[in-house]
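S.K.: Here are the chains, one letter per residue:
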Amino acid sequence: MWKLRRFLKDYKKECIIGPLCKLFEAILELFVPLVMANIIDVGIANRDAGHVWRMSALLVLLAVLGWSSAMFTQYFASKASQGAGTKIRRALFAHINTLSHAELDALGTPSLITRITNDTNQVQQSIAMMIRLLTRAPFIIVGSLVMAMTINLKLSLIFFAAALLIALTLWLVMTRSVPVFAAMQRKLDRIGVISRENLSGNRVIRAFSKQKTECARVDAATEDLAKTSIRVSMLSALLSPVTYAVTDIAIILIVWFGAVEVNAGGMHTGDIVALVSYMTQILLAMVVVANLVTLMTRAGASAKRINEVLETAPSVTEATAEPVTVDSNAPKIAFENVSFHYSADGDEELSSVSFSVPRGATVGIIGGTGSGKTTLVNLVPRFYDVTKGCVRVDGVDVRDYPFAQLRRQIGIVPQQSVLFSGTIRDNLRWQNKNATDEEMIRALQIAQAYEFVAKLPQGLDSRVEQGGRNFSGGQRQRLCIARALVAHPAVLILDDSFSALDVATDAALRRALQENTQGMTVLLVTQRCATVREADLILTVHDGRLAGQGTHEELMRSCDIYRAICLSQQGETEVRHATA
Amino acid sequence: MQPRNSVKKVLRRLRPYTGILSAAVLCALVSVSLTLYIPVLVGHALDRIIGKGNVAFADVAQILGYIGVAVAGVTVCQWLMTYLVNLVSYKTVRDLRREVFRKLNTVPLAYIDTHGHGDLISRVINDVDAVGDGLTQLFLQLFAGVVTIVGTLIFMLMTDWRIALAVFFLTPLSLFVAAFIGKLSARRFREQQLLQGEISSYVEEYVGNQRIVKAFSYEQQAFEDFDAYNTKLYDVGFKAQYAGALANPTTRLVNAIVYAAVGVIGALTVLSGTLTVGGLSCFLTYANQYTKPFNDVTGVLTQLQTGIAAAARVFEVLEAEDETPDAPNAAAPPHRGEVCFDDVSFSYTPEKPLIRHFSLRVKSGTHVAIVGPTGCGKTTLINLLMRFYDVNGGSIRVDGADIRDMRRDELRTRFGMVLQDSWLFHGTIMENLRYGNENASEAEIIAAAKAAYAHSFIRRMPKGYDTVISEGGGNLSLGQKQLLCIARAMLTHPDILILDEATSSIDTLTEIRVQKAFAKMMQGKTAFVVAHRLSTIRESDVILVMRDGNIVEQGNHEELLQQKGFYYQLYQSQFSKQ
Chain A
1 MWKLRRFLKD
11 YKKECIIGPL
21 CKLFEAILEL
31 FVPLVMANII
41 DVGIANRDAG
51 HVWRMSALLV
61 LLAVLGWSSA
71 MFTQYFASKA
81 SQGAGTKIRR
91 ALFAHINTLS
101 HAELDALGTP
111 SLITRITNDT
121 NQVQQSIAMM
131 IRLLTRAPFI
141 IVGSLVMAMT
151 INLKLSLIFF
161 AAALLIALTL
171 WLVMTRSVPV
181 FAAMQRKLDR
191 IGVISRENLS
201 GNRVIRAFSK
211 QKTECARVDA
221 ATEDLAKTSI
231 RVSMLSALLS
241 PVTYAVTDIA
251 IILIVWFGAV
261 EVNAGGMHTG
271 DIVALVSYMT
281 QILLAMVVVA
291 NLVTLMTRAG
301 ASAKRINEVL
311 ETAPSVTEAT
321 AEPVTVDSNA
331 PKIAFENVSF
341 HYSADGDEEL
351 SSVSFSVPRG
361 ATVGIIGGTG
371 SGKTTLVNLV
381 PRFYDVTKGC
391 VRVDGVDVRD
401 YPFAQLRRQI
411 GIVPQQSVLF
421 SGTIRDNLRW
431 QNKNATDEEM
441 IRALQIAQAY
451 EFVAKLPQGL
461 DSRVEQGGRN
471 FSGGQRQRLC
481 IARALVAHPA
491 VLILDDSFSA
501 LDVATDAALR
511 RALQENTQGM
521 TVLLVTQRCA
531 TVREADLILT
541 VHDGRLAGQG
551 THEELMRSCD
561 IYRAICLSQQ
571 GETEVRHATA
Chain D
581 MQPRNSVKKV
591 LRRLRPYTGI
601 LSAAVLCALV
611 SVSLTLYIPV
621 LVGHALDRII
631 GKGNVAFADV
641 AQILGYIGVA
651 VAGVTVCQWL
661 MTYLVNLVSY
671 KTVRDLRREV
681 FRKLNTVPLA
691 YIDTHGHGDL
701 ISRVINDVDA
711 VGDGLTQLFL
721 QLFAGVVTIV
731 GTLIFMLMTD
741 WRIALAVFFL
751 TPLSLFVAAF
761 IGKLSARRFR
771 EQQLLQGEIS
781 SYVEEYVGNQ
791 RIVKAFSYEQ
801 QAFEDFDAYN
811 TKLYDVGFKA
821 QYAGALANPT
831 TRLVNAIVYA
841 AVGVIGALTV
851 LSGTLTVGGL
861 SCFLTYANQY
871 TKPFNDVTGV
881 LTQLQTGIAA
891 AARVFEVLEA
901 EDETPDAPNA
911 AAPPHRGEVC
921 FDDVSFSYTP
931 EKPLIRHFSL
941 RVKSGTHVAI
951 VGPTGCGKTT
961 LINLLMRFYD
971 VNGGSIRVDG
981 ADIRDMRRDE
991 LRTRFGMVLQ
1001 DSWLFHGTIM
1011 ENLRYGNENA
1021 SEAEIIAAAK
1031 AAYAHSFIRR
1041 MPKGYDTVIS
1051 EGGGNLSLGQ
1061 KQLLCIARAM
1071 LTHPDILILD
1081 EATSSIDTLT
1091 EIRVQKAFAK
1101 MMQGKTAFVV
1111 AHRLSTIRES
1121 DVILVMRDGN
1131 IVEQGNHEEL
1141 LQQKGFYYQL
1151 YQSQFSKQ
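Heads up: the protein sequence lines correspond to chains A and D, in order.
The numbering of the first sequence is the working numbering, which starts it at 1 and goes up by one.
The numbering of the second sequence is the working numbering, which starts it at 581 and goes up by one.
Honestly, the hints are just simulated from the structure, not real lab data.
In this text, a Cβ means the ideal position worked out from N, Cα and C, and glycines have one as well.
Be careful, since some hints might not be right.
SDA-like, lysine to any residue: derived pairs with alpha carbons at most 25 Å apart [said to hold, decoys possible]: (1) A:K433 - A:C390; (2) A:K212 - D:L898; (3) A:K212 - D:S1050; (4) D:K932 - A:G473; (5) D:K872 - A:K212.
Part of the chain D face toward chain A, derived, beta carbon under 10 Å [as the list claims (entries may be wrong)]: (6) N585; (7) K589; (8) V787; (9) D989.
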């Protein structure tokens, strides 16, 4: 939590004045029982109605003063907490933007999302609470104790004992129930898991007529949760009665020993009234402290999670912001003895990969799942840095480029086709803000998407929902291809981008790409043999190594793995026929 | 939905717990009256402590003894009340969750297909929880609050009716003030909530797809857009927080003024001699106690509102229409493996007719391939066959009986289904394989796994057949999952198969195995295959060519090629160059 203090730097004034105002209010509050005692001991004892009125006016004055200073506190608390929250969110988002793929993989996106939303809210709330309560509650406790001591030193011992006992009760109940709350959360998650499975597998469940089994599963899980909840509620329900009991017993003792004191002439009856009300105030303040402690532990955990992100350094950093000069005679892309692994203790994902791609060539990259195809193409836009060797684009090591110069010339169609909420037009303009309608329509036509986009009532202005879920998988994939094509990238990377397309569309799309990507260097990652057959160069990747490179005919002759893949997909006669 | 309606519906579900709730009310009654009585006793004690040398110790001791007993009573009853209320609300939460879950298994599949799963899960988890929280707060505040208000009033009236009336009329002021401020801030809170939601989805989208943002060098633009939301949230959030924060100090101000007023009136009454100092002391305590429920209710009002809104969302699910029930005297024709589509028409939405007047006779042992471009309605046929959806016109007959006249489970046991997105649940491999046939012996299961080419990879897993499959099957490859689904389907010994060939994403070796397993499974059985592979298509007895939801052509490979229709085009575009 302390590490986040820099976000409060611009709110120093608020963080000091706010608590001070609250302190002032608390001091005023402490006077209230004193004034009331004065009404009884002076006003009533002397039968002075005027005094009663004057003192009551003082009570109202105290209340109004307290109210106005509370208003100041609330103002400063709102301002500082919202301000700091806004700054934290901004810093997090900006920092996440600088992280590279390796760190994003390690942190995980769902977790990043909660950190930027829930965790930040939690910290923000705790700042407001701190400003409002951190001074007040301890002050009331200490103040009430001090006041009790000034009234009667001996009786104040009861206060200390009671305060300690209450603190002990709070601590005992909280430390015992918090772990159970965590267990409850886990059991609730379990119900979530069962529900999710039930919904996603509903067809299968119904196909096997297993609804009863599923209900039995959820019955067990809900029963389990209910049992744990009820057990913990037996404990947590103790908190309030026990603290009140301690207070009441303290009041009994105060009255008894107070009576002894009054009898001996050590104090007045009004003093006992004042002591009783101080006791009540201590109790209330203790309860606030307990809530504050819970809130702080939760906020502390959130703060830690926020810091974890802010302290993660990006592993891929820009060497220079200045554009570099390229060699237009060099091969467009060249891998020189490239090795790569995600983590130092893990296996190598790629080992000693070398190849070079002439300008304007179409390269097919084929291999089984997990063979390293995607890893290979991810190195070109420098999503990860190579472990050994180097990747060159236009003869320049990718590590020497500014990010924008390197990535702006590459169009990528990722494996998962994701669109962003907005319109189709918004999505197509991602890489080129000024793309004209003609350019977009051209890209859609090549991507075989124009037909269905044109059929939409609003055409290019049709809404895209988050993730593009209002389009089918195949439509999304084609829109993603169009998005990459709009900016006429020098390099086009298609990472298994035809998987949701049926054979006919796949074929039409490949033909259109072939006809329209003259001068464009295309990297085509796929598992389908037919897709790469006509590429200028085919790279067969197997277990992180290049098992072969060449044209289809060459590889059919020389590369066992390539031949195996092709044979498995087409039945022997066709392949023979094709090679003949 | 009317909020009052959902409250009523929740209350109706509390009926089994009337006994526990009455006990809780009784506890509230005892504990609150005793709580209220304690200040009276303290007052009595104070009245016997008059001054130096003038203290009636025996009386004081006796009164303090009573207080001790009262404290014990309060402690026990208060604990019991909280516990009982929690008991009821947790049990209600459990009951509601079960009810929703059962509902999800009896609604037509269309309901699940058309509703966001995240949203439905959130109703099972978050909304039901909110209902529970609302119930707990409602009962705790209601029981304790009502008894406190009534009790303090009675006590105050008994002590001095004039001051009591003053308190009675002054206190609700704070309630009005709180309500007024609440109304002022509600709009801002709504705005804030809305923005929070927007910012969350924005973050989800852009952080979730950070890779694409990077690939397109879109970072700066994304940051600027985000910051615009963020700045707006600051403005709205500040206003909402400040407006909301006004309520507490202001109600406290009103209460303090009431307190002062009671002080004045009380002191003056003491002066006129009709009230003792002890009486005044306990009056002051009552004035404080009396205002508390009002403050507490304003404090939990948001929770109650959230609970009511959540209940409405829960009941929305619970009131969804169920599937048509199974026919009472259901047909159970002998198993032959015949399917007959008779003039079937179907559409998901009335505006977009999908399947129109489709007829087909499938004899036992026939292999039917379904081909066509993406989104042409291939899965629709499966939905109809398994009766996940009912036809709008015509009929489907399996083994001679209209499937609407059969029990659903009877119908579905005749089918074995392997879909492209293989569904396995969180449990061991053995449990998953046994899913369709609980009586399968271990030997049978292993035999099926061997037949489905799954045995070898299962054996290589760390715990073999006892390996736990993680949620969503993350520790298995797509192909492996499909092999398991094949083995699972084999164990049920179906007459008719429904298979969905994977389009891609399976590595080559596994794919060969899946193909072989499919072939083995289909031997001698009626099969419907959504086919993507030429070999499957060519070897089928009947090919259904679908386009835009219609079956445009049907026949075998040679016949269809000779027709030179849509199938011919499809075939040419895919395979011409091979």
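S.K.: For every hint, state whether the structure bears it out.
M.R.: Consistency of the hints with the structure:
1. Note on K433 of chain A and C390 of chain A: the hinted pairing is violated, with a Cα-Cα distance of about 32 Å set against a maximum of 25 Å.
2. Restraint check for K212 of chain A and L898 of chain D: the C-alpha separation of about 18 Å stays at or below 25 Å, so the hint holds.
3. Distance check on the hinted pair: K212 of chain A and S1050 of chain D sit about 22 Å apart at the alpha-carbon level, within 25 Å; holds.
4. Distance restraint check for K932 of chain D and G473 of chain A: the Cα-Cα separation of roughly 20 Å lies within the 25 Å cut-off, and the hinted pair is therefore satisfied.
5. Pair hint K872 of chain D plus K212 of chain A does not hold up; C-alpha atoms about 49 Å apart against a cutoff of 25 Å.
6. At its closest, the beta carbon of N585 of chain D sits 25 Å from a beta carbon of chain A; the interface hint therefore is violated under the 10 Å criterion.
7. Below 10 Å, beta-carbon pairs count as interface contacts, and K589 of chain D has none with chain A, the closest being about 19 Å; its hint is therefore violated.
8. Checking V787 of chain D against chain A: minimum C-beta separation of about 5 Å stays under 10 Å; hint holds.
9. Proximity of D989 of chain D to chain A holds as hinted, the smallest CB-CB distance being about 3 Å (cut-off 10 Å).
In the structure shown, a violation is registered for the earlier hints numbered 1, 5, 6 and 7, in ascending order.
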